[in-house]
Amino acid sequence: MSVQILTANRLGDGAVVYRAKAGGWTERLGESLVLATPEDAAPVLAAAETPQASLEIVGPYLMPVDNSGGQIRPVETREFIRAQGPSVQFGNGHEVENTPLSLAG
Amino acid sequence: MYRYDEFDHTLVTERVHQFRDQVERRLSGELTEDQFKPLRLMNGLYLQLHAYMLRVAVPYGTLSSTQMRKLAYIARRYDKGYGHFTTRQNIQFNWPKLEETPDILAELAEVEMHAIQTSGNCIRNTTSDQFAGAAADEIEDPRVYCEIIRQWSTLHPEFTFLPRKFKIAVTGADHDRAAVRVHDIGLQMCRNEAGEVGFEVIVGGGLGRTPVIGQTIREFLPKQHLLSYLEAILRVYNQLGRRDNLYKARIKILVRSEGIENFKRLVEEEWSHIKDSALQLPEDEIARIETYFAPPRYECLDDTVREFEVKRFEDRDFASWVRTNVTAHKEPGYAVATISLKPTGKPPGDASAWQMDAIADLAESYSFSEIRVTHEQNLVLPNVKKADLYALWQSLRDVELATPNAGLLSDMIACPGLDYCNLANARSIPVAQRISERFSDLERQHDIGSLKIKISGCINACGHHHVGHIGLLGVDKKGEEFYQITLGGSADENTAIGKIVGPAFSYDDVVDAVEKIVDTYLNIRSEDEEFSDTFRRVGLTPFKETLYAAH
Ligand code: HEM
Ligand code: SF4
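Protein chains in written order, with our numbering: chain A, 35 to 139; chain B, 245 to 795.
All the pointers check out, no bait thrown in.
Estimated spans, in silico, between C-beta atoms of each pair: (1) 262(B) to 93(A): 19 to 29 Å; (2) 262(B) to 101(A): 44 to 54 Å; (3) 83(A) to 262(B): 21 to 31 Å; (4) 402(B) to 109(A): 39 to 49 Å.
If you are wondering where the hints come from, they were derived from the structure by calculation, not from laboratory data. For each residue, glycine too, the CB sits at the ideal point set by N, CA and C.
Using the sequences and the hints given, assemble the complete structure.
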């Protein structure tokens with residue numbers, strides 16, 4: 035069983051967020067609270083499923099990560115893309131506020 | 245062009261108010277996500293991987309310059325400066341904020357647009373031929389009937405909770421540009437022996453997990469019975485369609501399990517009760533709707549336009565654009581121009597705000613302010629004077645919208661895939677981009693000829709892969725993106741479902757595989773034979789041999 039972190043989409047704008055080590059939610063994967071065992075994960079997930087939490091986030095779930103070498107990295111392609119944004123330039127590459135990202139790894 | 249009536253206006257405005265209230269209640273915690281989700285979906289608002297996504301209906305793909313400018317404004321003000329035109333002739337915004345969505349809907353209502361029935365188990369936006377009203381090969385303008393269907397189906401009390409979503413397409417020409425055989429109901433306008441115009445009714449087509457080609461349930465339906473017959477089909481479906489299994493809920497499954505003969509019997513039985521009811525379409529009602537689609541004031545022109553012909557000789561780039569992107573118009577001296585949203589290496593169907601503004605201006609100058617969205621994710625100016633084509637082409641070039649590739653290999657359909665979509669197995673857009681870069685030599689593409697590649701990121705088939713000449717379907721193999729290839733599909737009047745050629749290819753290898761397929765075709769085609777004809781002649785074997793030879 036690999037380690038996990040808790041992720042969701044932010045209610046206001048749908049942005050990808052992670053449960054932060056410092057409490058609350060963060061957009062930065064590196065600041066996530068790492069949950070080493072299913073026993074650690076269960077109460078954190080349960081807390082994110084309360085009506086109170088739903089004022090901030092939508093659809094919380096646990097995702098596996100690789101934190102070898104002290105760095106947190108997603109395991110699944112889908113989670114790489116959620117973490118980094120679309121892997122493509124969009125809007126024909128004009129007048130848009132994004133920098134295209136390449137998939138790490 | 246059609247204008248909303250009072251009823252529509254009131255209804256749309258009320259919905260905006262309602263939704264504003266619902267959003268506020270969600271943000272304050274009064275509504276849970278479970279309560280709110282169906283409400284936002286009813287207003288076209290999805291939650292995707294990175295953000296919300298708003299799907300805006302473009303009824304039968306017709307837009308005015310004013311509406312296009314509004315879409316550009318919304319893209320700039322509320323989104324990241326672009327929009328995505330889809331295979332259902334709609335537009336999607338990929339980054340709206342929840343609290344701003346009611347404002348976006350209010351902006352849309354100002355130009356008689358909305359997002360109602362773009363989601364959920366109801367009758368969705370009725371799609372049509374993008375050349376409707378202009379095409380030389382058309383019997384009648386199908387949008388008149390799309391509009392009649394729109395009015396009948398909008399918030400139809402009996403059909404807001406169908407077993408599953410329901411899609412209708414109408415075409416007025418023999419050459420099917422609306423893919424009517426892969427819709428829940430397809431309507432093909434035709435003439436009977438007496439020369440009267442009516443519809444061939446096709447039912448039970450669809451893509452998705454179980455691709456099915458629709459079957460003809462009625463060879464000829466007189467116009468006045470259109471709504472009663474549709475109502476009869478929907479009633480039978482609403483009663484007998486499966487609600488216990490999401491994957492078996494579409495009408496295609498019902499038609500298959502009943503058999504077309506039995507299904508027809510049930511429909512005709514139901515129809516006999518309502519045929520002469522208030523659903524009959526009187527001549528004057530059809531005539532009233534027809535006035536909305538009255539042709540613009542065409543000038544009386546010669547069909548041969550000297551300066552246009554001269555430019556074709558003088559400028560080879562222009563000639564090559566004309567060859568692929570210009571289609572015959574029914575009015576002498578006019579032409580239909582397709583604006584490709586597939587520049588080499590760019591995401592299929594995306595248009596930036598300034599391009600949308602430019603297109604709105606060009607439509608105003610050259611096409612009676614009218615624009616169409618195609619199900620192949622391009623745009624169309626339907627009414628351009630041949631004498632204006634050169635100037636139009638030059639302006640399109642300035643905004644990078646003059647790629648001469650309509651109908652060629654790089655004119656691909658691709659769904660949002662894993663870059664945006666919550667349901668995806670694999671990415672679609674970057675695969676399309678890599679293919680278009682590999683074949684960036686347009687002369688090579690012209691030599692290859694008509695070839696349709698369609699890509700879906702999962703089995704839901706939003707990218708129509710089943711009916712691509714070459715179809716790519718994203719699959720997940722142990723967490724890796726792979727692509728299953730099908731060959732020989734077709735979405736036109738010779739509709740066919742593609743056949744799987746063999747084991748799937750990895751993300752890295754799939755572009756090479758496509759190139760091998762194309763090379764194989766070039767080697768074995770007889771003169772002037774299009775890809776689909778070659779495939780029909782030779783089948784899968786030669787392609788299998790070259791694709792898997794080294795393995
Ligand atoms: C990005 C969010 C999207 C989601 C969540 C989504 C979801 C789905 C699902 C679940 C189906 C299968 C329905 C069924 O078989 O009953 C489907 C089918 C389809 N979608 Fe999408 N879709 C999305 C985007 C799009 C886009 C962008 C387009 C147009 C480019 C599109 C066009 C279609 C079409 C044409 C079908 C096939 C209809 C059929 O089965 O006959 N979808 N979609
Ligand atoms: S085909 Fe699948 S991946 Fe593509 S948009 Fe539809 S649901 Fe998403």
